[in-house]
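Participant: Residue numbers (my numbering), protein chains in the order written: chain A, -1 to 226; chain B, 1040 to 1297; chain C, 205 to 575.
Worth flagging that the hints you see were computed from the coordinates, not collected in a lab. Model, not experiment: these values are computed from the prediction. A hint or two may mislead.
[To be verified] One-sided excerpt, in silico: chain A residues whose CB lies under 8 angstroms from chain B: (1) Gly81; (2) Gln84; (3) Ile160; (4) Glu209; (5) Ile210.
Heads up, the beta-carbon is just placed ideally off N, CA and C, and yes, glycines get one too.
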Amino acid sequence: MGSFLQYLSENSTQLIFYAQQHFLLVLYSVAIATTISMTLALLLHTNQLTPPSWRRSIRVGSQETSLLLASAALTIPSLALFGLLQPLLGLGVTPSIVALTLYAIYPVLRNTVAGLSSVDPAVLEAARGVGMGPVRRMVRVQLPLAWPVVLSGIRVAVLIVISIAVVAALINGPGFGKPLQDGLARLGAVNSFNEVIVGTLGCLVVAAGYEIIFFIAQRLTTPRGLRV
Amino acid sequence: MTAGVLAPTTPQVRSRSWIWRNRDLIATPVIVVVGLCLVLLYAATSRLDSVEQRALDPSYLWAKFLQHLWLTAASTVVVVLIALPLGIALSRPAARRIRTGTLAFGGFMQALPPYGVIILLAFLLRFGTTTAIIALVLASFLPVLTNTVIGLRQVDPALIEAARGMGMSARQTLLRVEIPLAVPVMVAGIRVALVLNVGTATLATFIGAGGLGEPISSMLKLARPQAAFVVSAIVAAVALLIDWLAGIAERLVSGRIA
Amino acid sequence: MSEAVQSPTSTARPIVGRPMIALEGVSKTYPKQTRPAVAELNLEVPEGAIVMLIGPSGCGKTTTLKMMNRLIEPTTGRILLDGEDVTDVNADQLRRRIGYVIQQVGLFPHLTVADNVAVVPRMLGWNKNRINRRVDELLHLVGLEPADFRDRYPRQLSGGQQQRVGVARGLAADPSVMLMDEPFGAIDPITRERLQDEFLDVQRQIAKTICFVTHDLSEAVKLGDRIAVLATGGRLAQYDTPSEILAHPADDFVAEFVGGGAAVRRLSLLEISRLELEEVVISSDGTPAGSHPVLAVDGAGRPVAWHHVPGSAQPPPLVTVPLSGTVYDAVDVMLDARASAVVVVDDGGQPRGALRWDALVADLRIKEPSR
């Protein structure tokens, strides 16, 4: 324990750097994934307009297909995904972000779709009856009501990506995968065990940081009427 | 009683074949097989050096595949054996106080990297297959636990009241009513754990447990991107097919209830 | 309180049985509450009777019901089933002797209708043949054709059908006592009325001791042999036949609970068959014959029109009401047609007498009970 604390204090700058990298890696991936997922979900969602029935079945079908594809991405082992991306994107930061973004799409997409669907149709009907156009209905009524579910999906995506991001070190990616990798490579050396611990627990530290952010975000963005 | 005449008759449920009703399931294997064929075609037509050829050797890959299968199956079975009873216990009213805390903790722990857990355990115990299995169990434990608890908690309380009111003991209610109705959610959790294990097992190669991660990591290390690509495609296909089989099992189980 | 109180307008079957269920000094106080949910309740349910528990929200009627099968354990007091003290016996085994039907029905969605009904017999270890026969018998009793419904799943049934299965399930092991907690509450009014009629029909055949919780006074009046009106805190405000409660509420609470319209409600308790009807004279040419109403009939003897009704210048439109109906039906029919008299006919359509509007408010005479 003592040697661990010593290790921490000796390498604090380096560790903070890793934390920052990991944090940002997750941030970029999830942010891009959220943008993609929410755009996709909004485009596909059946309640947005009143479509004729054939268009409706295409919408539902494409919703299912998107979810299927996104979940397929999550099924592919992380190492394999990195291997697939390597010829195209090489090593380093770019394939890391791309792979993590692909992983993050499913939780956000699934929750956005579920959240939008869970809004009581009667409420939307009332909004329509008051004269709200489709865009305004979505922005003023449906999204705010679906938001808690969407936010929880983003949170799940963040947690998953934090844990997968360590594998990025295998393709020279940033983050806490590096000390993990180093510790493994230098098995038996003085600080190798500490490096492994740091690599593993560092993720939890980043996760704790994000949990705080989410807590605040939830408080700020959840409409007062929905707050339990 | 004339009521028989007055009672409205419900149309018989059309008994279409199960396969027809679940025909959307064919999509995944078709896509996987097509994609795999394309990739293998690419592999066959490109010139591979001896290193790459060794990595793509069918018997070698098959051996790795069996190792991988063993890692995945063993860990998933162990997880089910441990997490299922624990989840049942946690769902009982008596466990109310620790339940929310445990579930919240479980949610947070999704951030714990399986890769880190594997290496950590290897340091603490020793390198090899057994440690890998233990690490896999630890990494995939939570989804099964969480889903078991949630699945049981969401059983309609009216059903439990009816069961107890008829004289079923608490144990009988659990076995005959609650668990059968919670099975779809539980199976979904087991499926998540299975997929997680397939993925994490690819990392088991780093602690000497073999598995399909070995050819990928060696190709990456030796800077052979094309071969890495091909092997990765194979591994991805395996993972998708295993998930697909689990999905069929899930459909079969849920169909009887919902 | 086990003797029947027979008032002239009472339609209750004379209940002289011993109490099947008895609550003695039963109370329930929840751990963190200061006031009891149910306080010192003494109640006896006679054998073969339908006792309705009714009262405002929070009066403890469901709590009382659930104490009878100990889904809620009483804080104090004794529960006796057919004279036997069951306060401390094994609760699960106790409940297998009592039928329990709830509002949400609670049919197990993963079991077929037949399996649902067979739950308690299976627990009691009946052999397969006996169970199958019993299931078919009960499905038939509740009006669901066994061949058609045995293998269906609950989700394939309508709300009314589900509740019928629920009742069948409660009756499966032939319990002496049935507890029913607002079983028809979640059903639409039309189906509910039909279910209530069939319920009475079934009870006539099997004569179970039934304790029935409801919040609907009309249902209580229609179905109950006795009504127990509970006030907040499980206080028994009045326990008597429906007509007594309507006619003579015990205190202000009961009076207010019963509310207005009690007199009209009481009409539905009065069967026409128990009245002395006014005599009608059948004539083909309409000569007035004294102070009796004169009726014209067709070749089969069925009434076609009034010739003359004393007290009206013009003969009123002809309306009929069956002998098996209640005074409420007669009033309804007369109001609808704006007729001052109604002909009472039997099953064959033959006239048995007349009821005049004036007599309803003045001079209704009851035949002496001829049981």
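Participant: The structure should be examined with respect to each hint, and the outcome stated for every one.
Facilitator: Hints versus structure:
1. Gly81: Given a least distance of 3 angstroms, the restraint on A/Gly81 holds.
2. Gln84: Since the shortest Cβ distance to chain B is 5 angstroms, the answer is holds.
3. Ile160: holds (4 angstroms)
4. Glu209: holds (7 angstroms)
5. Ile210: violated (12 angstroms)
Going through the hint list in order, the structure does not satisfy hint 5, though it satisfies all others.
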